[in-house]
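S.K.: Based on these hints, arrange chain U on the given structure of chain Z.
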Amino acid sequence: MTGVVVVGAGESGVRAAFALRERGFDGSITLLSAEVVLPYERPPLSKGIAAEPVLIRQCAAYEQANITLRLAVAVDVIRAEEHLLELSTGEMLGFTQLLLTTGAKARLFPALAACLTLRTDMDAEIIFSRLQPSTKLGIIGGGFIGLELAAVASARGVDVTVYEAGSRLLGRAVPAEIASLVRARHEAQGVRFCLAAAVAKANGSSVMLDDGSVEVFDTVVAGVGSEPNTGLARAAGLAVDNGIQVDGAFRTSHTDVFAAGDCCNFDWRGKRLRLESWRAAQDQGEHVAAAMLGEDAAYDKVPWFWSEQYELNLQVAGLFNLDRPVFSRETNNDCRIVFQCDESGALQAAAGMGPGLAMAKDIRIFEKLIERRVAVDAMQLADPSQNLKRLLKTA
Amino acid sequence: MAEWVDACATSDIEEEDVIRFDSGSRTFIIVRDHEDNYYCSDGICTHENVHLADGLVIECSIECPKHSSIFDMKSGEVETPPACEDLHTYPTKVEGGRVLVEI
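Sequence lines, in order, name chains Z and U. Everything in the first sequence is counted per our numbering, starting at 2 for the first residue and increasing by one. Everything in the second sequence is counted per our numbering, starting at 18 for the first residue and increasing by one.
Since the hints were made in silico from the structure, they are not lab data. Bear in mind the structure is a predicted one, so any value in this text is a computation, not a measurement. Be a bit skeptical, because a hint or two may be false.
Mimicking EDC-like on lysine to aspartate or glutamate, the simulated pairs with C-alpha atoms at most 16 Å apart in a straight line are [stated by the list, open to error]:
| hint | chain 1 | residue 1 | chain 2 | residue 2 |
| --- | --- | --- | --- | --- |
| 1 | Z | Lys390 | U | Asp71 |
| 2 | Z | Lys202 | Z | Glu216 |
| 3 | Z | Lys369 | U | Glu76 |
| 4 | Z | Lys394 | U | Asp34 |
| 5 | Z | Lys390 | U | Glu31 |
| 6 | Z | Lys272 | Z | Glu296 |
| 7 | Z | Lys394 | U | Glu33 |
| 8 | Z | Lys390 | U | Glu32 |
| 9 | Z | Lys394 | U | Glu32 |
| 10 | Z | Lys272 | Z | Asp242 |
| 11 | U | Lys110 | U | Asp29 |
| 12 | Z | Lys390 | U | Glu33 |
| 13 | Z | Lys48 | U | Glu65 |
| 14 | Z | Lys394 | Z | Asp378 |
| 15 | U | Lys91 | U | Glu52 |
With beta-carbon atoms standing in for the labels, derived distance ranges [to be verified]:
| hint | chain 1 | residue 1 | chain 2 | residue 2 | range |
| --- | --- | --- | --- | --- | --- |
| 16 | U | Val22 | Z | Ala166 | 55 to 63 Å |
| 17 | U | Thr97 | Z | Lys394 | 20 to 28 Å |
| 18 | Z | Gly158 | U | Val111 | 25 to 33 Å |
| 19 | U | Val22 | Z | Gly172 | 31 to 39 Å |
| 20 | U | Ser42 | Z | Thr256 | 54 to 62 Å |
| 21 | U | Ser42 | Z | Gln387 | 35 to 43 Å |
| 22 | U | Thr97 | Z | Val37 | 27 to 35 Å |
| 23 | Z | Ala347 | U | Thr97 | 18 to 26 Å |
| 24 | U | Ala19 | Z | Thr256 | 52 to 60 Å |
All C-beta atoms in this analysis are idealised placements derived from N, C-alpha and C, irrespective of residue type, glycine included.
Only chain Z is shown next, with the shape it has when bound in the complex (with noise of 0.2 Å):
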């Protein structure tokens, strides 16, 4: 009998176990996941929402879809050529085909090793436990996680303070005119911005700048990215660069061992690129399991990420390129839309602003032609008199 080990329960994970089985693989499916509670969903963690982790799948689904759930195993070794995982049970589990999606985790450079991050529900536990109404929270780093935990705690009143050390927010991933909306949104509740900060060395309690100000505070968390989980593909010696490096088809450097979802390093559009998406994770989780099954196709998914801070709603289809020119769509709803084309003239990127989901739409429909790769009239996009829909038809 044939078997597929996938190591890491996260999104990509789970979503390729029960794809295996949506197509047919009736060969045994072991999850293993180091974590204790069942395989939940990370996006909701940083944005406050639920008090109790949302599940990626009822715990009954995995029995009904005959997939061997394993929480608390780790594997501590693969052993790639035997066909063998060394577990931290004691036991070894042999597999046919091995999926790694074992995920990121929090980046922390050794100046910020004593300071909080927000990566797993046990993170989320005990920073929500301490942001009380009127308590200084200090956060650095403002990317997404960072700028989501600000936008929840000062909504409790929490006395909010955001260290970024570029010169401006959100700066790898949208360019400056949305990044500028959500600064003025996080100003109006009362966030605290120190741009261009240049942190020496932060713990639980206080930030130090290198000119030596030191700045006290109830609770300090540190967003600054994420690094791969690749330590076990490493000693296991397949092909790493900054994540696992994978084929079109998320083939190891191991012709038996696949890794797909934030822990790899893949091939788009002639790019090698490593995201860190929920989005991205279930495609991947998808496409995988296909290629596992034998099917031969390429991985042309847009790259797609959301985030929600107060009322608004942010969803960036495709990957800017920011030292480049952007034009803009603002609609009547509020929503603002900035995209961006490549030189041949084709849509690259659209990333949306607005209250609610208003913007949803529209975003969906940059995304399609994103994904089509023809030429368009930026002109014609950037008017809101022209229907959106109407355009997509005859793109």
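M.R.: Below, chain U alone, put in the same frame as chain Z:
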């Protein structure tokens, strides 16, 4: 007991689009597809608490505006996860330029 309720005028919905329709404490969506068929279903995505009326309609499917689950409006079936549960759909009919739904 289900009863026929006047939801909207056929012209209230653009081709391949959706509107929200509330009745009592319940919320629904009315979808007009690319061939002028009208469909009605529950208005909240089965995955998370999100109004589907903000979603994009392509032909006869609607996509959740938040996490992109796609549902077939004819049957309510999930076409694309993350949703795992189908949408509940309700019968519709068009009479005298009005869309009626049996809810």
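S.K.: Against this structure, judge whether each hint is valid.
M.R.: Verification of the supplied hints:
Our distance criterion of 16 Å between C-alpha atoms is met by Lys390 (chain Z) and Asp71 (chain U), whose separation comes to about 14 Å. For the hint linking Lys202 (chain Z) to Glu216 (chain Z), the alpha-carbon distance of about 11 Å falls within 16 Å, and the restraint holds. Taking the CA atoms of Lys369 (chain Z) and Glu76 (chain U), the gap is near 14 Å; set against the 16 Å cutoff, the hint holds. Distance check on the hinted pair: Lys394 (chain Z) and Asp34 (chain U) sit about 14 Å apart at the alpha-carbon level, within 16 Å; holds.
A hinted pair counts as satisfied when its Cα atoms are at most 16 Å apart, and Lys390 (chain Z) with Glu31 (chain U) qualifies at roughly 11 Å. About 23 Å separates the Cα atoms of Lys272 (chain Z) and Glu296 (chain Z), which puts this hinted pair outside 16 Å; it is violated. Between Lys394 (chain Z) and Glu33 (chain U) the CA atoms are separated by roughly 12 Å; this keeps the pair inside 16 Å, and the hint holds. For the proposed pair Lys390 (chain Z) and Glu32 (chain U), the alpha carbon gap of about 10 Å is at most 16 Å, so the pair holds.
Only pairs whose Cα atoms come within 16 Å are accepted, and Lys394 (chain Z) paired with Glu32 (chain U) is accepted, the gap being roughly 13 Å. Our distance criterion of 16 Å between C-alpha atoms is met by Lys272 (chain Z) and Asp242 (chain Z), whose separation comes to about 14 Å. With a CA separation close to 15 Å, the supplied pair Lys110 (chain U) and Asp29 (chain U) stays within the 16 Å bound. At roughly 9 Å between alpha-carbon atoms, Lys390 (chain Z) and Glu33 (chain U) fall within 16 Å of each other, so this suggested pair holds.
Under the criterion of a C-alpha separation no larger than 16 Å, the hint pairing Lys48 (chain Z) with Glu65 (chain U) is consistent with the structure, at around 14 Å. In summary, the hint linking Lys394 (chain Z) to Asp378 (chain Z) is supported, as the alpha carbons are separated by about 13 Å, within the 16 Å threshold. Between the alpha carbons of Lys91 (chain U) and Glu52 (chain U) the distance comes to roughly 13 Å, so the proposed pair stays at or under 16 Å and holds. Between Val22 (chain U) and Ala166 (chain Z) the beta carbon distance is about 57 Å. The supplied range of 55 to 63 Å therefore holds.
Against the hinted window of 20 to 28 Å, the Cβ-Cβ separation of Thr97 (chain U) and Lys394 (chain Z) comes to about 21 Å, which satisfies the hint. At about 52 Å, the beta-carbon gap between Gly158 (chain Z) and Val111 (chain U) misses the expected band of 25 to 33 Å. Range check, Val22 (chain U) to Gly172 (chain Z): Cβ separation about 51 Å, and the 31 to 39 Å hint is violated. Distance hint check: the CB atoms of Ser42 (chain U) and Thr256 (chain Z) are about 57 Å apart, consistent with the given range 54 to 62 Å.
At roughly 38 Å, the beta carbons of Ser42 (chain U) and Gln387 (chain Z) sit within the given window of 35 to 43 Å. For the pair Thr97 (chain U) and Val37 (chain Z), the beta carbons lie near 31 Å from each other, so the given range of 27 to 35 Å is met. At roughly 25 Å, the beta-carbon separation of Ala347 (chain Z) and Thr97 (chain U) lies within the given 18 to 26 Å, and the hint holds. Taken as a hint, the range 52 to 60 Å holds for the pair Ala19 (chain U) and Thr256 (chain Z), whose Cβ atoms sit roughly 57 Å apart.
Going down the numbered hints, you'll see the structure goes against 6, 18 and 19, while the others check out.
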